[in-house]
Amino acid sequence: MLTTSLIALPLAGALAVFLLPASKEWVGSLALAVALAELGLWITGFFGKRQFDFGSAKIQFEQKHAWISDLGISYHVGLFTFSFWLVGLTTVVMAAAIAYGLWAGRERANAYYALMLFLTGAVVCVFSAQDLILFYVAFEAMMIPLYLLIGVWGGERRVAATFKFVAYTMAGSLLMLVTIIVYGLSHGFDLTTATTSSSVWLFLGFAIAFTVKAPLFPLHGWLPDAYREAPPEVAAVLSGLISKVAAFGFLRIVFTKFPDLGAGTPLHDLRALFLALSATGLIYGSLLAFRAPDFRGVVAYSSLAQMSLIGLGLFSGGELALSGSVLQMVNHGLISTALFLLAGAIESRTSTGVLKRLGGMARGRPILASLLVAIGVISLAVPGSSAFAGEFMILAGTFQRGWGWALAGLVAIVLAAMYMLRLISAVLHREPGEAVPEHTPDLRPAELCIVGALLAGMLAISVWPAGIAKHSFACLTETQTVSTTQPSTPVQIGLECVSATQPLFGSSATSAGVNP
Amino acid sequence: MIKTPTIDWLALAPSLALAGATTIGLLVAVLVPARARKQVAWFVCLAGYASALGTAALLFDRSGQARTVIASSLFRDRYGALAAMIVAGAGLLTTLVFYGERAAPDRVGERFALLAAAGGGMILFAQAASLLTLFLGLEWFSISLYVLCALERERPEAIEAGFKYLIVGGFSSAILVFGSAFVYGATGTLNLTQIAGKVASGNLLLVTGLALILVGFAFKASAAPFHAWTPDVYQGASTPVSGFMAGATKAVALLVALRVLTVSFPSQEHLWTTATAVLAVASLVVGNLAALVQRDLKRMLAYSSISHAGYLLLAVTAASSLGGRALLYYLIPYGAASIGAFAVLAARERELGEAATLDNLAGLGWERPLYGIALWIFMLSFAGFPLTGGFVGKVYVFAAAQQAGWTWLLIVAAVATVVSLGYYLAVVRSIYMRPGTEKKTPPPRERLLGTAVLLATVITVGSFFAAEPLIELAKHAAGQLPF
Numbered sequence: 001m002l003t004t005s006l007i008a009l010p011l012a013g014a015l016a017v018f019l020l021p022a023s024k025e026w027v028g029s030l031a032l033a034v035a036l037a038e039l040g041l042w043i044t045g046f047f048g049k050r051q052f053d054f055g056s057a058k059i060q061f062e063q064k065h066a067w068i069s070d071l072g073i074s075y076h077v078g079l080f081t082f083s084f085w086l087v088g089l090t091t092v093v094m095a096a097a098i099a100y101g102l103w104a105g106r107e108r109a110n111a112y113y114a115l116m117l118f119l120t121g122a123v124v125c126v127f128s129a130q131d132l133i134l135f136y137v138a139f140e141a142m143m144i145p146l147y148l149l150i151g152v153w154g155g156e157r158r159v160a161a162t163f164k165f166v167a168y169t170m171a172g173s174l175l176m177l178v179t180i181i182v183y184g185l186s187h188g189f190d191l192t193t194a195t196t197s198s199s200v201w202l203f204l205g206f207a208i209a210f211t212v213k214a215p216l217f218p219l220h221g222w223l224p225d226a227y228r229e230a231p232p233e234v235a236a237v238l239s240g241l242i243s244k245v246a247a248f249g250f251l252r253i254v255f256t257k258f259p260d261l262g263a264g265t266p267l268h269d270l271r272a273l274f275l276a277l278s279a280t281g282l283i284y285g286s287l288l289a290f291r292a293p294d295f296r297g298v299v300a301y302s303s304l305a306q307m308s309l310i311g312l313g314l315f316s317g318g319e320l321a322l323s324g325s326v327l328q329m330v331n332h333g334l335i336s337t338a339l340f341l342l343a344g345a346i347e348s349r350t351s352t353g354v355l356k357r358l359g360g361m362a363r364g365r366p367i368l369a370s371l372l373v374a375i376g377v378i379s380l381a382v383p384g385s386s387a388f389a390g391e392f393m394i395l396a397g398t399f400q401r402g403w404g405w406a407l408a409g410l411v412a413i414v415l416a417a418m419y420m421l422r423l424i425s426a427v428l429h430r431e432p433g434e435a436v437p438e439h440t441p442d443l444r445p446a447e448l449c450i451v452g453a454l455l456a457g458m459l460a461i462s463v464w465p466a467g468i469a470k471h472s473f474a475c476l477t478e479t480q481t482v483s484t485t486q487p488s489t490p491v492q493i494g495l496e497c498v499s500a501t502q503p504l505f506g507s508s509a510t511s512a513g514v515n516p
Numbered sequence: 001m002i003k004t005p006t007i008d009w010l011a012l013a014p015s016l017a018l019a020g021a022t023t024i025g026l027l028v029a030v031l032v033p034a035r036a037r038k039q040v041a042w043f044v045c046l047a048g049y050a051s052a053l054g055t056a057a058l059l060f061d062r063s064g065q066a067r068t069v070i071a072s073s074l075f076r077d078r079y080g081a082l083a084a085m086i087v088a089g090a091g092l093l094t095t096l097v098f099y100g101e102r103a104a105p106d107r108v109g110e111r112f113a114l115l116a117a118a119g120g121g122m123i124l125f126a127q128a129a130s131l132l133t134l135f136l137g138l139e140w141f142s143i144s145l146y147v148l149c150a151l152e153r154e155r156p157e158a159i160e161a162g163f164k165y166l167i168v169g170g171f172s173s174a175i176l177v178f179g180s181a182f183v184y185g186a187t188g189t190l191n192l193t194q195i196a197g198k199v200a201s202g203n204l205l206l207v208t209g210l211a212l213i214l215v216g217f218a219f220k221a222s223a224a225p226f227h228a229w230t231p232d233v234y235q236g237a238s239t240p241v242s243g244f245m246a247g248a249t250k251a252v253a254l255l256v257a258l259r260v261l262t263v264s265f266p267s268q269e270h271l272w273t274t275a276t277a278v279l280a281v282a283s284l285v286v287g288n289l290a291a292l293v294q295r296d297l298k299r300m301l302a303y304s305s306i307s308h309a310g311y312l313l314l315a316v317t318a319a320s321s322l323g324g325r326a327l328l329y330y331l332i333p334y335g336a337a338s339i340g341a342f343a344v345l346a347a348r349e350r351e352l353g354e355a356a357t358l359d360n361l362a363g364l365g366w367e368r369p370l371y372g373i374a375l376w377i378f379m380l381s382f383a384g385f386p387l388t389g390g391f392v393g394k395v396y397v398f399a400a401a402q403q404a405g406w407t408w409l410l411i412v413a414a415v416a417t418v419v420s421l422g423y424y425l426a427v428v429r430s431i432y433m434r435p436g437t438e439k440k441t442p443p444p445r446e447r448l449l450g451t452a453v454l455l456a457t458v459i460t461v462g463s464f465f466a467a468e469p470l471i472e473l474a475k476h477a478a479g480q481l482p483f
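In order, the protein sequences belong to chains H and L.
Residues 1 to 516 in our numbering are what the first sequence spells out, letter by letter.
Residues 1 to 483 in our numbering are what the second sequence spells out, letter by letter.
No lab work stands behind these hints, which were simulated from the structure alone.
Here the structure is a predicted model, which means the values were calculated and not measured.
Glycine residues also receive a C-beta, built at the ideal position from the N, C-alpha and C atoms.
Some clues are possibly wrong.
[Unchecked claim] Computed footprint of chain L on chain H; a stretch qualifies when at least three of its residues, placed anywhere within it, have a C-beta under 8 Å from a C-beta of chain L:
(1) 128-139
(2) 170-178
[Stated by the list, open to error] Chain L residues, not near chain H, derived (Cβ > 10 Å throughout):
(3) 37
(4) 54
(5) 229
(6) 358
(7) 437
Using the sequences and the accompanying hints, generate a full structural model.
Okay, here's the thing in structure tokens:
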């Protein structure tokens, strides 16, 4: 029930917000209240009689309802431990984004906040979908609000940006739809019972769609425009949240349904390719971030680099790298949201994000300086920070796959320090830039609250990264049967397991039936 | 005493209701005083469609066993009954939109009578069990539509549309009759069920007849390469009528095509599936590419309807029970979205007094929120986006094609869908992302048109969330086709 409530609450809120005839402040406040209620609803998952069991590998808060019975498609939702964290990230990021939108006073408030809440519901639905078509529905439903949020409230070149964004992602999505149909008709649409496949084409169909959405090198062409032209809070959502949807897709669909069974299976054969693409994207993105002329450019390309690092972890496989990837998804979600909101705060004061025209903003603006430095330092993975824990786990896991891949990661971490310090010094230090008026105010209390809350989240994870990393995968084995040729063969999908009795991605309701 | 067949009145009731509405409507057009003429004629047409819908639903309920009635000239089955329900539903929505359409005072009554007549013909066409009744139904609705297109004879485009439609439509009817003659020559029967298995499956006469009949259907369904009339006719006809043609004519043409192909030509399946696959690809390519460059919205929707004929032909090509269900399901949200989209365009035309284009649609979303959102939803449904019935329809049709082994066709259709976003999203961009011009006068309030748009929106979105009941209906209906 909790899962459905988490999906339905923001959708109902979107309708209410859309119809509320009130000033934009009231509409925004209602939207923020709904977003905070959503966050609260997620937190109730930790407590109470029906609390989330992090020790269980089974799907929880599961609900299933027939939808298109003719094709065996159902509304089937539920949460695994790692999806639970991603849903939490969604509620936090969306609440921050909506709060920022309220602070920034977005025009056409009814439509704006309705779309933001609708987006919240869609993202939660993606993270909890246990049916391929439902997953696709939610995946596409995210596109509708994003398209309008960028296209209506975005910057000057927004129409071109939305066109690129839609062209890239829709091409990927429809490829995925074809793949889902071809896969679903022979293996089943329900993710908890669908059998595994070793078709390279189907594997690529899913993998390319997620590569576009993340984005990973070389399908990231839409990223710079969309991240620059979107309103800052929407850019924050795009990089903090929507990119994680793709990583989730790899984790939930690609790795479990196309397991590595040795030569002849796509994950085995193409693993090196995807590791190479991730490593390339990691270094390429970091270099571009170092060269980017503006604040948002730095964050956008660093986001590409970070997603590549997560990709590196995901494709390395193994408990360490996968847990590290989930931790890093949450970290990066919080960090890039905070950075984009800070970018928005700076742009609204100086009406530019170009680093050359900024500078010297630290003097007389202690709150802005402290927040930017603190978040920047966390993001460059200083030891003790949450990002350090995540990146360390990913690299340690990657090292087990091959030291060369880990080396690429190490180079990128050095580069991350370079671009982040360059950003900090270009904004805060040096002589005051020409675009910075003398009496530019410091961060307002509202902005402090929003970004400060995100920073508090990062610090909390820094203190106890194991809270997420140790509670992402309760049991690390896949024991689903492989198509029809080898019935009831336990399958390692690269996730070493402690006990082989429980399936990692089996449904609590149906696991007994699937594994005879 | 002449021996007459027993009449199954219930099977005839939907088309009889509309024939009755036509007769009364024509009488109203001359007998009722001018000031009440429009209202009364409109009401008669609405009542005709409502009773057609009611009786079709009753027929659906009472036709658990499919059989032919009235000297084997009509099918009494759920497939025909569901087709009748789709037509009647489309007619109801169109009647609501049609009320506010400007018309010369000497023709206000006739157009409603003609609209009712077109629906009656379509229902008879959908139920036909013999090539003769099939042709009868076809001509009945076609002639009504020719006149309906040309009725506003003050506008040269209307005359052009009516004339083109008449010539091309007459031509296609002739081809269909010609094909029927070949089939009769080969088998000695016009009865659809008896054609099957009468002669060897490779019989040249029969195959030629099949090809000609298929061409006739392709004309009516406006599938490429037999689509050339569609953009001109949709553009020239009055907007609600264009919506009705997109939503209802195409629906019955494809439904009857599937029925005739499966009932009469099962042993030629390998031939006609190839033919429909080619038609589908041609429609997808031509429709989507040509729509990309249109500025006039009605022409764009015309090309969009050609591309949808392509998607629907995917379901026909599947030649399976799943394909039949997919076809029936697809037509429901598609029909609603078509009529709804043309209704919004009609509203814009009435407001501006000129044809709706991508340019003068700018700002509609903020000026008139209901129409904006509705048009947005219809475009998303056409493009097969989730949260609209168009998505379920596409998944359904794609699944049917894949299950029948047409994977390459599925890939073509998916690429075509990506292309189609280019123009569907251009509409969304126009209504939301471009500033509108200042309007001097507030737009006229049209409650009936608003109701129709709202209903169409509800059907488009509702068929996504409540797909199951509609699939149930489609299951019953398609289950009576011989697969």
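Here is what the structure says about each hint:
{"no.": "1", "hint": "128-139", "verdict": "holds (count 4)"}
{"no.": "2", "hint": "170-178", "verdict": "holds (count 6)"}
{"no.": "3", "hint": "37", "verdict": "40 Å, holds"}
{"no.": "4", "hint": "54", "verdict": "27 Å, holds"}
{"no.": "5", "hint": "229", "verdict": "30 Å, holds"}
{"no.": "6", "hint": "358", "verdict": "13 Å, holds"}
{"no.": "7", "hint": "437", "verdict": "18 Å, holds"}
Of the hints listed earlier, there is not a single one the structure fails to meet.
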